[in-house]
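Colleague: Given the sequences, and given the hints that come with them, work out the whole structure.
If you want the building blocks of each chain, they are given just below.
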Amino acid sequence: MTAPASFTDISIDKLRKEGVDDVRVMGMLRKMLEIRRFEEKVEELYLVKGQLMGPSHLYIGQEAIAVGILSACASNDLVISNYRGHGHAIARDVPMKYLMAELYGRADGTCKGLGGSMHSAIHPAKGMIFASAIVASGVPIAVGLALASKQQKKDDVIIVFFGDGGLNTGAFHEGANLAGIWNLPVIFVCENNQYAMGTSTAATTASANLVDRGAVYDIPSKKIDGNDVGSVFVTAKDALARARKGNGPSFLLCQTYRSKGHGVYDRSEYKPVGEADGWIDRDPIVRLRKVIMENRIATDGDISAMEADIAADIGKAVEFAQKSPEVDFRELSKYVYV
Amino acid sequence: MTAPASFTDISIDKLRKEGVDDVRVMGMLRKMLEIRRFEEKVEELYLVKGQLMGPSHLYIGQEAIAVGILSACASNDLVISNYRGHGHAIARDVPMKYLMAELYGRADGTCKGLGGSMHSAIHPAKGMIFASAIVASGVPIAVGLALASKQQKKDDVIIVFFGDGGLNTGAFHEGANLAGIWNLPVIFVCENNQYAMGTSTAATTASANLVDRGAVYDIPSKKIDGNDVGSVFVTAKDALARARKGNGPSFLLCQTYRSKGHGVYDRSEYKPVGEADGWIDRDPIVRLRKVIMENRIATDGDISAMEADIAADIGKAVEFAQKSPEVDFRELSKYVYV
Amino acid sequence: MSTSSDDGSGRQLTYAEALREALYAELKEDPAVILMGEDIGSYGGAYRVTQGFLEEFGPQRVCDTPISEIAIVGAAIGAALGGLRPVAEIMYMDFLTISVEQLVVEAAKMHFMSGGNLRVPMVVRTQYSLGRAHGAQHSQFFPSWFLQAPGLKVVLPSTPYDAKGLLKSAIKDENPVLFIECNLLYRSKGLVPSEGYALPLGKSQVKRKGNDVTIVAISRLVTEALEAATRLSSEGIDVEVIDPQTIQPLDMVPIIESIEKTGRLVIASDDSKSGGLGAAISSKVMDDGFDYLDAPIINLASPDLPIPFSPMLEKAYMVSQDNIVSAARQLV
Amino acid sequence: MSTSSDDGSGRQLTYAEALREALYAELKEDPAVILMGEDIGSYGGAYRVTQGFLEEFGPQRVCDTPISEIAIVGAAIGAALGGLRPVAEIMYMDFLTISVEQLVVEAAKMHFMSGGNLRVPMVVRTQYSLGRAHGAQHSQFFPSWFLQAPGLKVVLPSTPYDAKGLLKSAIKDENPVLFIECNLLYRSKGLVPSEGYALPLGKSQVKRKGNDVTIVAISRLVTEALEAATRLSSEGIDVEVIDPQTIQPLDMVPIIESIEKTGRLVIASDDSKSGGLGAAISSKVMDDGFDYLDAPIINLASPDLPIPFSPMLEKAYMVSQDNIVSAARQLV
Ligand SMILES: Cc1ncc(C[n+]2csc(CCOP(=O)(O)OP(=O)(O)O)c2C)c(N)n1
Ligand SMILES: Cc1ncc(C[n+]2csc(CCOP(=O)(O)OP(=O)(O)O)c2C)c(N)n1
Ligand SMILES: [Mg+2]
Ligand SMILES: [Mg+2]
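If you're matching them up, the sequences are chains A, B, C and D in order.
Letter by letter, the first sequence follows residues 1 to 338 of our numbering.
Letter by letter, the second sequence follows residues 339 to 676 of our numbering.
Letter by letter, the third sequence follows residues 677 to 1008 of our numbering.
Letter by letter, the fourth sequence follows residues 1009 to 1340 of our numbering.
Bear in mind the hints are in silico, worked out from the structure with no lab data behind them.
The model shown is predicted, which means the values in this text are computed figures rather than measured ones.
Don't take each hint at face value.
Said to hold, decoys possible - The calculated DSSO-like cross-link candidates involving lysine-lysine, where the alpha carbons are at most 27 Å apart (straight line), are:
1. A/K334 x C/K879
2. C/K960 x D/K1323
3. B/K435 x C/K991
4. A/K154 x C/K848
5. D/K1176 x B/K491
6. A/K154 x A/K222
Said to hold, decoys possible - Just the calculated beta-carbon pair ranges, DEER-fashion:
7. C/R724 x D/P1039: 53 to 61 Å
8. A/D328 x C/E850: 45 to 53 Å
9. D/A1303 x C/T906: 48 to 56 Å
10. C/E850 x D/P1039: 34 to 42 Å
11. B/D493 x D/R1056: 32 to 40 Å
12. C/E850 x A/E319: 43 to 51 Å
13. C/T906 x D/D1295: 26 to 34 Å
14. B/K491 x A/G274: 34 to 42 Å
15. B/D359 x C/G728: 50 to 58 Å
16. D/G1060 x A/A241: 51 to 59 Å
17. C/G792 x D/G1060: 40 to 48 Å
18. C/G728 x A/N76: 51 to 59 Å
19. D/E1268 x B/D493: 54 to 62 Å
Beta carbons: idealized from backbone N, C-alpha and C, even for Gly.
Modeller: Shown next as structure tokens:
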């Protein structure tokens, strides 16, 4: 599978039609940059500084999906994330210091250091309900959340993020079918970053057309350019509106590219030479920044100031994390049962 | 879901075009009658005589599927059956006495009485490789068999039978996807008898069109009248030829009706009144018999003689089973490991 | 609240009816309670425990599901996270092997691995069918698996009275609870008060007092142990029978106290002997009660074989009342 | 054939390399052997055990699969029934919970429930990652589950030498074999002869002779036990270390013989204490060696908690060499 035809631009017009003003566009850029810089820092803390341990999966290259979808959500909407969840959490305003503390395994982490990177996106206070480290196991859980929303006549729509590899799991199939028959308010966001670990999607997923993997359950399904925050945002708005009206689930196949390795230690030796280059100018941040400049929404200087601000925030997050204590081992038994 | 439009006839012409002569047509009738009478006897042995115990799932009403598919197979083709397997086994020439002995739990049973009705269709000598009591668990197993056939450059095609309810399992999804990407010689035979236990297919299966459940994996998929042995046979022939040529899997959605309860004790109280009546003249045996008479392939007398013969065979099978010993409990540990 | 005495009315219900009564009461009392599972609606439940519920509570509360064991447990987790109190039914314990990732890797660990942020108040009801000629794939009983899943509570009611009281508590509990019923017990009868009562989870119950031998019995075998005790008392052997009821968390106190008195222990459970509940309990006695033991613990369990279909062989396979009687005799 | 002596060459391999060598030899020797699993091909295996195999043996023998754990094990069963000798890889033992129905309810019972008609010569390789900060869902170790699945063999190699010899035997075995590796051992080194050799399944191995205390250790903890023994010997405590290697079928003979001599037993395993391997083995000692025991068995295992991510907490969670030393001291 190759990159979407020839996007180098993003759908700023669509955003404006949706009433997204320049301030909000800059807000999206900020979130995307926060994610990018956070992940770069994480990579450094693993590979250069050797301060972090255990598996960690970066969101670099996929920022437009989390930011596009979650900017379109209402604050009561609920999110099921996964092991590649830092980006989802930041997009949802989970303070970076809590995320970083979790990566350090500290008591101030989102999971008090008991979860780690793969579960760091759990933060119910911001509607980040759960993040599993098991591929697609969040799908049926999201469907159950949607059942609860519908049954209690709440207005919440549930967003569940999973990868292209997740499409081949029994959990996805059973969950999507249930959402289909029960017509539940859940949006399946498949982040197709072209790889499941070292295996390309095409080699493992038998469908002429991947959107059929949603459509087969009678779920309205759409393939979108996941590196275009505008497209993602407006498509999500639509799906959210449908769900809120009681018209059931949607399946959004978001085409993107995992610029880095699968996990922080993976050097992607299996990627065909040159493949990544084809995605450089499709990078979601590069594209958004370009449009912002072209439309004179901000100057280079504005963005540099933003970058400096973000860098400072991340620096503080790291400091916060490093200073945070660990939970006492003898306290652990308190967390087994409520 | 309702019965196929208005079939009261079966595709005898198609059969003839395939070179199926009258003797073979009568052979199909015989198999279908053997299944029907065998199952009626089983029902009697449970409900009237009280000689049999444990779950048992009758094949009454679905005979044209097993007979149509398996008559089209070569003798080296391999079958994965399930807990509703008596019909598959009989269609594949497993002697009824061994099946009956299995139902009685005796040493001469297909599984020496260790399996019971739900596994009675296991009889490798006739290519009946396995029968699981777990819905759709046979699907990935069949796919593995097909992998072995392809890998060893054998000519065997694998047939796997499962119900409409099986479509909603993770096992089906993962297995079908694998067959799709690996282009394996396996035929997925979905026996859509309108019910999974007491639940109607439509209530649990989110697909506008059930054949999409095969098509989504890029598997050529066809919906057929499963009560028309002619249609089933010719469609199977096609699928077998494709598989043998290396052109991969097929998915056959066979529409039929479970005339009896889910298991032998189930009185189907959940079925809408009158529903079953709509299927009476679509009964696969009624239809085949009618065509045979109309085409003067056999007389009433011929068929009565055949019935008498079958009744005698079944009588002997019961006698055989009743006389068969049990495996000694102390021998059981021999069967745990090879 | 938790004594198992006659309520005066002497009302007898079957185990299945007692379960139904608990579910019914919870559905009535708490709108957050919903049921989900295969054929629990119009079919009335494979063993009629939910008969009539669909008509009374409607499909929003009594949800017939597809044959999707992963999704049944997964959706129950999600529903619990979303504020409901789902009771999911897995028709046979054997099928729980399909959903065990959701139950063990997700539900059981959620509270812990979220640092206490999440709670998952849900019940998974299931049953084991040993003794009904259901064969190797529809008779399995493997409760000890779930001892390896801290975070999950595991309940095994042995009487109609307990079934009702424990199911009510399980539904009200804030943790995921696996509630394992026994098919052979569904038609057994016992006293069940009509009023609501809850029995605490995590308390072993002394079902019979005695001084010579302690028998810890699980599920179906509690009744067999009690009947064995009656037989043994006529021989002058005074048996104490303990039913743990909840095997996780497991209340060892009454068991250790009993062994301190009797010095002799028989454990009787329907799972396979190697790595089963008997082994688990025996090893806890090793930790806390070794010095009280006057003889080796006898661990009665199913043999390490898949379950044979043949009704005769299955009978030979199962732990019997006679086995319990012999074991107790052997110890004194 | 089965002695673990130096072959003279003194060739050292890592545990991962030893496994790779066994797989490589079997692929070369028997065209029926195929591998299947996630990322075993172009990625080379999550832990590099199958590196280079795709290039050498091609995609017909080294099959990269989708993320479909049910189908991986299911297809391995079918391939075995069809005449191949599949070696399926489940990347983390945690994910085995997804395929456990296929492994336990199908593969393990097939020979039995078909009355001996079927045989399923297949291996499922997996590994547990405790000790690598992988968190609650990527570190689990629950081998005792499979004791409840008679029909399945279960192997747990503790050294590079054993890894090679046992994997060869597992692949040649006519039964389904679950082969559980240990992530923390992949880089550990040991003597591995370059020629082929097979170690028998179902034989416990005395790794060190001693007279005072018996330690039965599993997987990673065998090395810890041996090092503990060295430390203890300087205190005059003479420890015997036994590695069961295969926990099903479990060869209790050397263990009972050892206890007869020492009267004291420590069991060390990484699974959770309740219902774990320690409990299972302890209960078998209760059956056959109770009278030899001079003190209660000490069962060292992980606590009954989900596994915490924090590397410091995880370290505190794990059984250590010090724990083994203290336990042995406590017994004498
Ligand atoms: C059920 C399961 N199988 C395997 C893994 C190991 N694993 C973790 S992520 C991953 C690849 C997932 O790919 P995809 O779904 O495309 O998501 P991505 O990582 O690309 O975001 C694999 C195989 C797992 N965590 N869970
Ligand atoms: C995984 C699993 N879930 C539930 C069951 C219980 N059960 C046995 S058959 C059946 C209905 C199956 O329906 P379908 O697939 O349509 O096949 P049919 O029985 O109609 O032939 C159910 C729910 C089972 N055996 N396996
Ligand atoms: Mg991906
Ligand atoms: Mg059906």
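Colleague: Please check whether C/R724 and D/P1039 have a Cβ separation lying inside 53 to 61 Å.
Modeller: Since the Cβ atoms of C/R724 and D/P1039 sit about 54 Å apart, the hinted range of 53 to 61 Å holds.
Colleague: Tell me if the beta carbons of D/E1268 and B/D493 are separated by a distance inside 54 to 62 Å.
Modeller: holds (59 Å)
Colleague: Can the restraint linking D/K1176 and B/K491 be considered satisfied, given a maximum Cα separation of 27 Å?
Modeller: Status holds; Cα separation ~26 Å.
Colleague: Do C/G728 and A/N76 keep their Cβ atoms within the hinted range of 51 to 59 Å?
Modeller: Because 36 Å falls outside the window, the suggested range is violated.
Colleague: Is 34 to 42 Å a correct range for the gap between the Cβ atoms of B/K491 and A/G274?
Modeller: Since the Cβ atoms of B/K491 and A/G274 sit about 37 Å apart, the hinted range of 34 to 42 Å holds.
Colleague: Would you say the C-beta atoms of C/T906 and D/D1295 sit inside 26 to 34 Å of each other?
Modeller: With Cβ atoms ~27 Å apart, the hint holds.
Colleague: Given the hint of 43 to 51 Å, check if C/E850 and A/E319 actually sit that far apart at their C-beta atoms.
Modeller: violated (36 Å)
Colleague: Is 50 to 58 Å a correct range for the gap between the Cβ atoms of B/D359 and C/G728?
Modeller: Holds - the Cβ-Cβ distance for B/D359 and C/G728, about 56 Å, lies within 50 to 58 Å.
Colleague: Just to be sure I understand the hint, the distance between the Cβ atoms of C/E850 and D/P1039 should be within 34 to 42 Å; is that true here?
Modeller: Violated, at about 56 Å.
Colleague: Please verify whether A/K154 and C/K848 have alpha carbons no more than 27 Å apart.
Modeller: Between A/K154 and C/K848 the Cα gap is close to 23 Å, so the pair holds against 27 Å.
Colleague: Is the Cα-Cα distance between A/K334 and C/K879 27 Å or less?
Modeller: holds (19 Å)
Colleague: Given the hint of 40 to 48 Å, is the C-beta distance from C/G792 to D/G1060 inside that range or not?
Modeller: holds (46 Å)
Hint check: violations occur at hints 8, 9, 10, 12 and 18; the rest are consistent with the structure.
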